[in-house]
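Engineer: These protein sequence lines are chains A and B, in that order.
In terms of the numbering used here, the first sequence has 219 at position 219, counting the first letter as 1, and numbering is strictly consecutive.
In terms of the numbering used here, the second sequence has 190 at position 190, counting the first letter as 1, and numbering is strictly consecutive.
Think of the hints as simulated: they come from the structure by calculation, not from any bench.
A couple of the hints might just be wrong.
Listed next, the in silico PhoX-like pairs over lysine-lysine satisfying Cα-Cα at most 25 Å (straight line) [what the hints assert, rightly or not]:
{"hint": "1", "chain 1": "A", "residue 1": "Lys-298", "chain 2": "A", "residue 2": "Lys-262"}
{"hint": "2", "chain 1": "B", "residue 1": "Lys-298", "chain 2": "B", "residue 2": "Lys-262"}
{"hint": "3", "chain 1": "A", "residue 1": "Lys-298", "chain 2": "B", "residue 2": "Lys-2"}
{"hint": "4", "chain 1": "A", "residue 1": "Lys-262", "chain 2": "B", "residue 2": "Lys-262"}
{"hint": "5", "chain 1": "B", "residue 1": "Lys-298", "chain 2": "A", "residue 2": "Lys-262"}
{"hint": "6", "chain 1": "B", "residue 1": "Lys-262", "chain 2": "A", "residue 2": "Lys-298"}
Chain residues, written in single-letter form:
Protein chains: 2
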Amino acid sequence: MKELKCLFLGFGNAARAFLRILADSESDLACTYGVRITITGIATRRRGRRLFPAGVTPRALHEHFAATGEFLDSVPFHGDATEFVSRCPADVVFEMTPLNVTSGEPAVSHVRAALASGKHAISANKGPLIFGFRRTRELAMEAGRRFLYETTVMDGAPVFNLVERCLPGCKVLGFTGVLNSTTNYILDCMAQGAEFDQALRTAQECGFAEADASLDLEGWDSACKTAALMNVWMNAEVSPAEIRRDGISGIDARTVRELRSKGISLRLVCRASVQDGRPVGEVVLLEVPEYSEWASVKGTSSLLTIRTDLMGDITVTEHDPTIQQTGYGLYSDLLRLLREEAENGTGR
Amino acid sequence: MKELKCLFLGFGNAARAFLRILADSESDLACTYGVRITITGIATRRRGRRLFPAGVTPRALHEHFAATGEFLDSVPFHGDATEFVSRCPADVVFEMTPLNVTSGEPAVSHVRAALASGKHAISANKGPLIFGFRRTRELAMEAGRRFLYETTVMDGAPVFNLVERCLPGCKVLGFTGVLNSTTNYILDCMAQGAEFDQALRTAQECGFAEADASLDLEGWDSACKTAALMNVWMNAEVSPAEIRRDGISGIDARTVRELRSKGISLRLVCRASVQDGRPVGEVVLLEVPEYSEWASVKGTSSLLTIRTDLMGDITVTEHDPTIQQTGYGLYSDLLRLLREEAENGTGR
């Protein structure tokens, strides 16, 4: 049985959902890949950087934390974040800290430190896709390590893997997506009669919107996703600030209702295409027929149409995901890594 | 430069679309995989079995056939179909003959002869998925050769590859799909006022339906697709005759129009789920709201929702495919094979 040591950066909802999947999969991983997962370190804002000198199994960590809110058998690490990533004994680093939309830090530095110290990096944070992505990808190639990020857009619904692994020989010419559930939810509430403030409050109460919802309402979240998809698929080098961006803040409820009475829904749409040989992306508030597939995206669901040269247009729709699907995205990246190692004998 | 020898069984529209893609990709294949494709044999109903003793490049074959309707520098093969597959020097056999819904033959024998003689098999024919699939898959394992079939359902839209390669660790619990464009087209024509016979004639004139449309109208095509997906994903062993099956033959135009006036569309739906621990599939004519994603599937488009344990429900939609997308499905299987050989050094 091979031990695979994992380092968690961040321990929020996504990390905990991932941990729960790991805890439930211990015997599967042993049977299928001959691997025993241990967690050797966790960094959190509240608890600081902790090492598990003996390594802790996902099940033991999950059960102890669920029961006590504390980490089992851990010791503090005295050093900064980069040292923690570099020096904690680990095979794979999971970057699960919150996104900083203006610099991508500290996630970019975390991922690069992981690769530089010979570790694979799996990121749930879009930062490394929208700031310095090309360089980070090169670093992974040079280090002979994997840099994976399936869960950054549409949770675990396989969009990056679909293009990379299932559409060989295809070129992505553009995409159109409804990728932000906060704005979707608020627009639908308003169409049914709510005022903007009331719709926002409801969204917050139902867990569709964060306390500070401005990143969603002003289109930053959509711009980040647009930039990430463009950088990975269209060889762009854009940051969210370079994406032309609509938002829905202060939108007039009467207008929304009038459109609805004419059979029209509003959707905040991420899209990109090639113009004059260059990839151009934008986030636009669009009027769409209410019987269109875009209008049918409700709640936490999202949809992405990928335009390709050889295969035409393909749409992937994710239905009513919860945090479990975000956790699955991290897990699917881990399994991809394990499968590649089993097949190629490369890697660690 | 490595030569990869290909044998074509069938030379209809899908085979010709695939050939055109191969002809356009010669330099890509040389640069990316160091491979030069040659075609060493073609079997067609009209021209019999032909060998190309020197091998012919896709471009030369395509250009000569487009100009003259004849094959270049070929000689007849004197022997039966199985001998042809076994003895024609080839690395990959492409099974592209028409489907036989009652036995799957001769496609099943073709694929097995290919594997038994040490060749990879890529099938556009659903036969090998719905008759003896489990045994054929075992034969491929034993031979250390690949048996791939992405284009059999939803053309080249990656559904089989999505589940196998992008949803690791997930179990498929069921699926629901709108997968037959002939019935879709006719139902929509009738909703707009046409009688059944008139709608069928229009479908035939526009190329949505074949001269003998009974396999589509009576749900056999949908039943074949349901059986194929169940056998591959749900470890079933069902043939189309075992699938409960609705059709649309003789459906009343007035009923269709009345439903439409109430905002309801009809769709012939393929679906499967696990019941009492066993996979059960059916083809059902369903009433769906006209603003649902199912009703939004028009023309040649199709849609498939895959229900999984860890990742929930994911839908893949293919928009307005032509025969080019069927050809791409075969091409994507070929590239998968080339990539795996490049990565693993296994195979030929």
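Engineer: None of the hints should be skipped; say for each whether it holds.
Structural biologist: Each hint tested on the structure:
1. A/Lys-298 / A/Lys-262: With Cα atoms ~19 Å apart, A/Lys-298 and A/Lys-262 stay inside 25 Å; holds.
2. B/Lys-298 / B/Lys-262: holds, 19 Å
3. A/Lys-298 / B/Lys-2: Not OK: A/Lys-298 and B/Lys-2 at ~51 Å, beyond 25 Å, violated.
4. A/Lys-262 / B/Lys-262: Status holds; Cα separation ~18 Å.
5. B/Lys-298 / A/Lys-262: Status holds; Cα separation ~23 Å.
6. B/Lys-262 / A/Lys-298: holds, 23 Å
Going down the numbered hints, you'll see the structure goes against just number 3.
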